[in-house]
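**Q** This is what each chain is made of:
4 protein chains.
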Amino acid sequence: MIVATAVPGKRQLLVEAAAEVFSTHGFTATRVSDIAATAGVGKGTVYEYFASKEELFFAVFEWIDGQIRQQVELTIARPACACDQLRAALAVSAGIVSEHRGLFSMNLDFWAASRGSAFESRFTDACRTLYARYRQLVADVIRRGQAEGDLRGDIDAAGVAALIVSALDGLAVQCWFDDAMDPVAAVDSFATALLGGLCREPR
Amino acid sequence: MIVATAVPGKRQLLVEAAAEVFSTHGFTATRVSDIAATAGVGKGTVYEYFASKEELFFAVFEWIDGQIRQQVELTIARPACACDQLRAALAVSAGIVSEHRGLFSMNLDFWAASRGSAFESRFTDACRTLYARYRQLVADVIRRGQAEGDLRGDIDAAGVAALIVSALDGLAVQCWFDDAMDPVAAVDSFATALLGGLCREPR
Amino acid sequence: MIVATAVPGKRQLLVEAAAEVFSTHGFTATRVSDIAATAGVGKGTVYEYFASKEELFFAVFEWIDGQIRQQVELTIARPACACDQLRAALAVSAGIVSEHRGLFSMNLDFWAASRGSAFESRFTDACRTLYARYRQLVADVIRRGQAEGDLRGDIDAAGVAALIVSALDGLAVQCWFDDAMDPVAAVDSFATALLGGLCREPR
Amino acid sequence: MIVATAVPGKRQLLVEAAAEVFSTHGFTATRVSDIAATAGVGKGTVYEYFASKEELFFAVFEWIDGQIRQQVELTIARPACACDQLRAALAVSAGIVSEHRGLFSMNLDFWAASRGSAFESRFTDACRTLYARYRQLVADVIRRGQAEGDLRGDIDAAGVAALIVSALDGLAVQCWFDDAMDPVAAVDSFATALLGGLCREPR
DNA sequence: TATGAATGAGAATTCATTCAT
DNA sequence: AATGAATGAATTCTCATTCAT
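Chains as they are written, first to last, in the working numbering: chain R, 1 to 203; chain B, 204 to 406; chain L, 407 to 609; chain E, 610 to 812.
Because the hints were derived from the structure by calculation, they are not lab data.
It should be emphasised that the depicted structure is a prediction, and the values quoted were computed from it without experimental measurement.
Among the hints, a few may not be true.
Only pairs whose alpha carbons sit at most 30 Å apart, straight line, appear in this in silico DSS-like list of lysine-lysine [what the hints assert, rightly or not]:
1) E:662 x E:619
2) B:213 x R:53
3) R:10 x R:43
4) L:449 x L:459
5) E:652 x R:10
6) E:662 x R:53
7) R:53 x L:449
Just the calculated beta-carbon pair ranges, DEER-fashion [as the list claims (entries may be wrong)]:
8) R:116 x L:458: 37 to 47 Å
9) B:336 x R:47: 40 to 50 Å
10) B:243 x L:539: 43 to 53 Å
11) B:227 x E:710: 43 to 53 Å
12) B:388 x R:78: 45 to 55 Å
Chain L stretches covered by chain E per the calculated footprint, using a threshold of three residues with CB under 8 Å from any CB of chain E [stated by the list, open to error]:
13) 437-446
14) 518-524
15) 563-572
16) 576-590
Where a beta carbon is used, it is the ideal one built from N, C-alpha and C, also for glycine.
Whenever a hint applies, use it, and build me the whole structure from the sequences.
**A** Below, the structure written as structure tokens:
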């Protein structure tokens with residue numbers, strides 16, 4: 001679960017207030033004064049802790065990234081065979097998307113921040129690193145599975161890992177646009193297909 | 204291929220100029236005057252054809268959507284077994300991503316336009332429809348494959364279709380952040396894994 | 407006389423409106439919107455012609471500098487002996503100060519602009535050049551007078567020129583603070599003393 | 610010399626810290642917190658001693674004024690003929706300018722403070738008084754010289770005094786803009802010219 | 001129809017000042 | 001007395017949009 005810190009300092013208070021307002025209205029439509037009001041402080045106070053609106057936005061990005069990665073890593077760390085780990089990683093990710101549609105919509109803003117904002121390169125770099133890390137995480141599981149004989153050895157682990165990570169991001173996007181989507185169920189079918197093979201006859 | 208229309212009217216000229224500038228600088232950082240200059244017309248002329256910057260942006264969205272869907276539909280329409288159709292659809296999509304990284308980065312802006320802009324609901328609705336259509340397209344192939352016996356019947360076609368579409372979107376995101384990614388190779392590995400099954404022993 | 411241009415373009419209109427407002431309220435206390443209102447245009451229009459408040463301020467500086475230098479140069483250009491030229495230059499300068507106390511008060515702002523503003527070096531450079539030019543102008547007259555035998559040859563022309571120019575600036579400062587000062591009369595006494603010598607017995 | 614007080618109270622400590630920061634960055638660009646930091650006290654402490662930034666600025670003005678006037682008065686107080694007193698007064702003033710270019714640059718800020726600041730009239734009044742006093746000082750020397758027969762009696766003492774004082778102020782301005790200027794040498798030439806007469810034949 | 005000069009709503013940001021501790 | 005976290009008034013500047021030509 002993504003939960004508020006127990007005893008947040010004022011900086012963290014602002015990050016969480018910002019997350020709330022940004023995730024509701026989007027980056028552009030959010031005014032700094034909205035965040036200040038939500039946090040229950042004066043407008044100037046925001047600038048005591050963050051040099052700019054974008055700096056605060058980036059802090060929100062880092063906070064959310066940390067929260068999510070922590071859960072995924074914990075899940076994958078549990079000892080199990082590679083198949084089960086992949087399935088569990090997919091399931092927990094879908095669960096997060098399902099529970100936090102609002103927060104996940106911020107992804108769209110984070111991504112867009114890499115397009116023409118003053119922090120363009122900062123967000124681009126952070127996202128590149130973030131995705132490289134997730135791909136690595138998944139690829140390692142796959143390679144271990146291949147080494148241990150659970151998974152087919154004739155498949156490029158990095159390529160498949162990239163697409164698994166992609167699938168989860170893309171799923172969150174579709175869920176953002178369509179409340180009716182059930183990410184958990186979709187991911188479950190996907191895991192079954194991917195692990196067992198869609199084709200009746202393996203190729 | 205995504206190509207300029209042969210004899211564009213001035214409206215189409217503006218759409219294509221806008222696509223170029225938007226894809227280079229992002230929606231927010233693009234000024235209407237930039238687009239006018241790129242199109243070689245006066246700033247006021249833009250408003251003869253589009254009521255607002257966002258309206259023009261939406262027109263770009265529709266144009267690109269049309270271009271891409273056309274290619275995907277043509278690919279899927281070719282008679283083949285379901286497996287080959289899926290593989291071909293994945294390949295052609297990856298190819299488009301690969302060839303048009305710039306255009307694809309606009310996705311990030313389109314998605315973000317669903318967050319707090321004046322056209323919020325217009326983009327949201329359009330994206331919901333767009334994704335529903337792609338999911339349908341893929342799900343139909345899967346269902347046909349199941350009916351014809353090429354694909355396993357015990358799998359939820361809709362769920363898997365959702366994730367396949369997701370994977371392609373997510374892949375484009377990662378390619379935007381990381382020039383070193385090769386979407387075509389990654390998709391190929393993914394197709395092999397998905398169709399044949401990652402596990403050595405089918406489950 | 408310092409007069410408004412006969413057919414000012416909008417840029418010049420703004421410069422003159424700005425000169426009026428700046429000279430009345432000082433740089434800091436002047437709001438860009440005040441200038442726009444005085445010029446009878448919208449706030450945004452100011453930014454069509456000047457990139458910033460300081461850029462406009464600099465344009466005012468250049469305009470006033472041009473106006474004044476023109477008069478001084480015209481005066482000095484009239485054929486006369488060096489003594490008369492110096493006397494005339496002093497007189498015309500005092501006359502300008504006397505007639506345009508308001509405009510001259512802008513000097514105080516121009517000078518202060520060289521202290522910590524974004525345009526610090528631009529104003530510093532411009533003032534350095536401006537004063538070097540005036541010193542040169544006066545020094546040339548003195549040297550000519552020395553060559554022609556009208557003025558004592560044992561005196562450093564550059565040093566005296568610097569102080570003559572200084573005296574006029576300092577006089578404008580005192581006039582700004584004290585309406586009762588009569589620059590014309592003061593300069594007349596000064597010219598007599600300087601040219602004839604304060605001491606009863608020449609040294 | 611302008612030196613720090615031997616055992617400064619905290620108020621004086623702040624005045625001197627402020628003088629340092631103001632003279633370095635100018636009034637506008639100086640933040641109260643900079644002064645506090647330079648003085649080694651908390652920001653709030655400044656307000657225990659001064660009601661506002663401008664009040665502190667005014668205190669700096671008074672402090673510097675006092676320091677400088679003291680030196681000039683001491684110089685003039687030395688018994689000598691009027692000619693020598695004038696020459697000495699000019700020399701000592703040029704010496705101060707030369708040694709304290711930084712401090713003197715504050716003049717530009719003091720003057721500008723008379724333009725649109727909340728303390729406008731306070732600075733204006735103080736400067737008017739200050740200059741009246743200096744003019745009086747110089748005029749008295751001249752009048753004494755005239756009475757004693759050292760100086761020509763047909764010259765308006767007040768007018769000449771005003772320009773002598775002006776010249777020193779203006780000189781400081783030019784020195785601020787041009788490091789290459791040597792105020793001491795310039796003033797020496799000026800003194801010679803003024804006392805002995807620029808013209809070969811006294812008029 | 002095409003234009004681009006003019007507009008002004010709107011938001012980020014700064015920093016002097018306050019005041020609870 | 002000393003502090004510095006908190007405040008919000010105030011102002012610059014941007015740029016989508018309008019409309020007279």
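**Q** Check whether three or more residues of the segment 563-572 of chain L sit with their beta carbon closer than 8 Å to a beta carbon of chain E.
**A** holds (count 8)
**Q** Taken at face value, is the distance from the CA of residue 53 of chain R to the CA of residue 662 of chain E at most 30 Å?
**A** holds (29 Å)
**Q** Taking only the CA atoms, is the gap from residue 213 of chain B to residue 53 of chain R under or equal to 30 Å?
**A** Measuring from Cα to Cα gives roughly 39 Å; hence the hint is violated.
**Q** Could one say that the CB atoms of residue 116 of chain R and residue 458 of chain L fall in the range 37 to 47 Å?
**A** Given range 37 to 47 Å: violated, Cβ gap about 23 Å.
**Q** How about the segment 576-590 of chain L: do at least three of its residues have a C-beta closer than 8 Å to a C-beta of chain E?
**A** Coverage by chain E holds here, the residue count being 8 at a Cβ distance below 8 Å.
**Q** Going straight from one Cα to the other, do residue 53 of chain R and residue 449 of chain L come out at no more than 30 Å?
**A** Cα-Cα ~26 Å, so holds.
**Q** Given the hint of 45 to 55 Å, is the C-beta distance from residue 388 of chain B to residue 78 of chain R inside that range or not?
**A** violated (31 Å)
**Q** Assess, step by step, whether the Cα of residue 10 of chain R is no farther than 30 Å from the Cα of residue 43 of chain R, and give holds or violated.
**A** Roughly 13 Å separates the two Cα atoms, so the pair holds.
**Q** Take the C-beta atom of residue 336 of chain B and the C-beta atom of residue 47 of chain R, compute their distance, and say whether it sits inside 40 to 50 Å.
**A** The hinted range 40 to 50 Å holds for residue 336 of chain B and residue 47 of chain R, with Cβ atoms some 46 Å apart.
**Q** Can you confirm whether the C-alpha distance between residue 449 of chain L and residue 459 of chain L stays at or below 30 Å?
**A** holds (11 Å)
**Q** Closer than 8 Å Cβ to Cβ for three or more residues is the test here. Does the segment 518-524 of chain L pass it with chain E?
**A** holds (count 5)
**Q** Given the hinted pair residue 662 of chain E and residue 619 of chain E, is their alpha-carbon gap at most 30 Å?
**A** It holds: about 16 Å lies between the C-alpha atoms, which stays within 30 Å.
Of the hints listed earlier, those the structure fails to meet are numbers 2, 8, 12, 13, in rising order.
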